[in-house]
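Novice: Below, each chain spelled out in residue letters.
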Amino acid sequence: MADTLHPDKLQSDPVLRDGTHLSDLIDMDMREVKMRVLSDPDLYEIEMKKIFARCWLLVGHESEIPNKGDFIQRDMGSDSVIVAKDAKGDIHVSLNVCPHRGMRITTLESGNASSHVCIYHGWAFKPNGDFIGSPIASECMHGTMRSKEELGLRKARVAIWGGLIFATFDQDGPSFEEFMGDAKWYFDTLFDRTDSGMELLGPPQRFNIRANWKTACEQSAADGFHTLTLHRWLAEVGPYAKKPDAEGKGGDLSPEMYGCEVWTDHGHALRCIELDRKIARLTGKDPDTLTVEEKLTALPPPGITREMVPELLRRFSKEQLEIMAWRPPQVGGFFPNGLFEFIYLPQPDGTIVGAMALHVYVPKGPDKLEFTNYIFAERDTPPELKAKMLRLSIQMLGTSGLVEQDDSDTWPHQTLAAKGAVSKDITLKYQACYDNKGPENWPGPGHVGEGFTKDDTQWAWWRYYHELMTAPD
Amino acid sequence: MNQAMLAELKLLEPTPVPPVDSTQRLPVGSDIYNEIVMHLYDEAELLDDLRFSEWLETLAEDLEYNVPLRHTRPSRETDKSVIRTVQHMHDDYPSMRLRLMRLTDTNSAWGEDPPSRCRRLVSNIRAYITSNSNEYRVDSYMLLTRSRFDSDAFDLIPCKRHDVLRRENGKWKLARREVILDQAVLGTPNLGIFL
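First to last, the sequence lines map onto chains A and B. Per this note's numbering, the first sequence starts with residue 1, numbered consecutively. Per this note's numbering, the second sequence starts with residue 474, numbered consecutively.
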């Protein structure tokens with residue numbers, strides 16, 4: 001990626017109401033972003049069009065709609081959609097807006113329907129969005145000026161991956177595989193680990209925060225540093241509080257900051273945090289003396305038991321297994337508005353219990369976002385472990401999460417600050433840079449840095465944001 | 474749903490709150506009823522005044538405390554509007570103690586430091602005798618108002634609480650609480666507070 005703007009791009013560089021260009025607000029050389037970008041209403045309108053109407057967005061999981069006719073209502077940016085399973089078992093994502101007079105087709109969060117009938121004038125649609133007809137066929141309420149094919153719900157492209165349902169309204173944009181790019185190799189080790197696949201343990205938690213979506217999302221692109229201060233309680237009384245046999249001093253989270261970080265040209269980011277310390281504690285052995293299989297068995301990934309480890313060995317390449325046993329992706333983001341947490345939480349009894357969660361931060365205007373928290377396990381995770389993972393996920397993450405309640409209190413302050421006449425020109429800084437390209441033997445793709453956490457992943461998020469916002473229409 | 478799925482669901486969901494037996498209602502103004510009302514008022518004050526260590530003493534060690542999700546479903550499926558698998562809170566005594574320790578024993582519980590100014594308005598209290606002689610099923614309505622920082626906007630959390638209160642050595646302990654919220658999408662940035 002070149003850091004200078006191509007002349008073609010300048011023509012589509014968004015101009016704000018006072019004549020400022022977006023590119024005036026993002027300094028590619030200094031890796032700084034002016035605060036104004038965080039909550040400018042003009043930019044918000046452009047983001048909805050250039051980012052949310054174009055990118056592949058997470059809208060749910062197959063396990064939410066197991067039966068024919070099942071549907072859920074979700075948001076893709078500022079647009080409501082129906083995610084439905086048809087009679088053949090295929091999943092469709094359609095705009096939840098009646099083409100007749102604009103009423104929402106469904107007002108429910110979920111349900112089952114063989115046809116979706118608008119309550120306003122009765123136009124009916126199939127689960128795949130096709131127009132069935134309007135009431136009293138002989139009177140032809142929908143007229144003859146448009147064909148029935150033209151009167152269906154607007155359809156999104158759909159991609160299913162590990163049961164996760166992604167969709168985009170950009171009919172001509174990149175394929176899902178292209179969009180995920182180098183990140184897919186890593187995400188496969190999280191979302192597509194077992195033959196039976198993941199399952200959602202219930203509908204997502206939903207709550208609103210008075211903050212711009214980007215405050216949550218630039219952090220999701222793997223901000224490691226904030227853990228040290230904002231989440232300091234983790235080492236004070238939380239899961240990382242000093243243990244009798246702990247290395248280092250109590251109250252110090254910095255040992256958890258080491259590993260590799262991976263970023264891609266499409267703004268996806270992964271913190272691959274080293275497991276060696278945990279494995280040494282669990283086994284009493286130097287992890288370098290253990291095989292990949294021994295390490296995975298000593299500390300299986302979240303939702304996996306030691307009995308399920310042979311399945312991992314069968315499903316993944318040698319390189320992927322090496323990452324899973326050494327420095328697995330534990331937290332990070334998928335552009336534009338997703339976060340994953342596949343974390344290993346030390347318990348008071350010395351064991352480690354995993355949590356598997358995905359968040360989607362739905363933009364609800366320049367100053368509001370909806371935090372949507374999906375909690376998962378593997379279908380084959382034993383029920384007792386599932387129950388334990390569910391409770392821990394609820395207690396640590398999301399609405400009442402002891403970790404994440406601090407985040408949701410921070411983002412509104414950034415959003416407010418971004419409005420100050422002086423403050424809006426203050427810059428967000430991403431100047432902690434890796435001085436290496438990762439370990440020589442790093443088996444995975446993407447851009448890699450090794451050592452203590454840095455800002456490169458978050459800067460990659462802003463670069464792709466900039467690229468999409470300045471792309472021609 | 475097959476047997477295995479039902480068994481799994483039972484593990485994921487909390488123990489159901491014992492049902493109300495309307496024939497066992499305590500009259501308003503009776504001695505035990507008055508004690509229960511006084512306890513709920515005092516509890517609201519402890520929480521509003523951030524007296525967390527004292528509140529912890531009112532929790533039973535076999536406590537189950539949960540806040541289900543609400544889901545928008547049609548009138549004929551109102552039973553499905555309360556979700557108890559994934560919930561907003563799902564706690565027991567040890568996890569509650571950790572939540573309280575975070576507030577009292579660290580200087581980094583930023584989600585509630587500086588603390589919210591909350592007012593818990595408790596009303597519509599109904600109490601019922603249960604099959605356990607020292608336990609009462611108590612339902613109440615609560616409107617929680619929450620103010621943070623210099624914002625003049627209040628976060629409102631209206632809810633109905635299904636409690637089991639236990640009388641032990643002349644003191645009341647909360648043995649079970651389920652909080653039924655009125656919002657499908659909560660209008661407050663977190664539940665760093667207690668309902």
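For the record, the hints were derived by calculation from the structure and aren't laboratory data. Treat the hints with caution; some may be incorrect.
Reference excerpt, derived from the structure (chain B facing chain A, CB under 10 Å, subset only) [stated by the list, open to error]:
| id | residue |
| --- | --- |
| 1 | SER526 |
| 2 | MET574 |
| 3 | ASN663 |
A few chain B residues that don't get close to chain A, going by computed Cβ distances all over 12 Å [unchecked claim]:
| id | residue |
| --- | --- |
| 4 | VAL490 |
| 5 | ALA517 |
| 6 | TRP528 |
| 7 | ASP535 |
| 8 | THR558 |
| 9 | VAL559 |
| 10 | HIS561 |
| 11 | MET562 |
| 12 | ARG570 |
| 13 | ILE602 |
| 14 | ASP628 |
| 15 | ARG639 |
Residues from chain A shown here face chain B by an in silico Cβ test under 10 Å; the list is partial [unchecked claim]:
| id | residue |
| --- | --- |
| 16 | LEU16 |
| 17 | SER115 |
| 18 | VAL117 |
| 19 | HIS121 |
| 20 | THR229 |
| 21 | TRP233 |
| 22 | MET257 |
| 23 | ALA387 |
| 24 | THR399 |
| 25 | ALA417 |
All residues carry an ideal CB built from backbone N, CA and C; glycine is no exception.
Novice: State for each hint whether it applies.
Specialist: Going through the hints against the structure:
1. SER526: violated (14 Å)
2. MET574: holds (5 Å)
3. ASN663: holds (4 Å)
4. VAL490: holds (18 Å)
5. ALA517: Non-interface label on B/ALA517 holds, nearest chain A Cβ at 19 Å vs cutoff 12 Å.
6. TRP528: holds (16 Å)
7. ASP535: Non-interface label on B/ASP535 holds, nearest chain A Cβ at 15 Å vs cutoff 12 Å.
8. THR558: violated (3 Å)
9. VAL559: violated (3 Å)
10. HIS561: Nearest chain A Cβ is 4 Å from B/HIS561, so the label is violated.
11. MET562: violated (5 Å)
12. ARG570: Given that some Cβ of chain A is not farther than 12 Å from that of B/ARG570, nearest at about 10 Å, it is violated.
13. ILE602: Its Cβ never comes within 12 Å of chain A, the nearest being 31 Å, so this holds.
14. ASP628: Nearest chain A Cβ is 10 Å from B/ASP628, so the label is violated.
15. ARG639: Fine: 23 Å to the nearest Cβ keeps B/ARG639 off the interface.
16. LEU16: Violated, because the Cβ-Cβ distance from A/LEU16 to chain B comes to roughly 27 Å (cut-off 10 Å).
17. SER115: violated (15 Å)
18. VAL117: Violated, because the Cβ-Cβ distance from A/VAL117 to chain B comes to roughly 13 Å (cut-off 10 Å).
19. HIS121: violated (19 Å)
20. THR229: holds (8 Å)
21. TRP233: holds (5 Å)
22. MET257: violated (17 Å)
23. ALA387: holds (4 Å)
24. THR399: holds (4 Å)
25. ALA417: With a closest approach of 12 Å, the A/ALA417 hint is violated.
Violation of the numbered hints given earlier is confined to hints 1, 8, 9, 10, 11, 12, 14, 16, 17, 18, 19, 22, 25; the remaining hints are satisfied by the structure.
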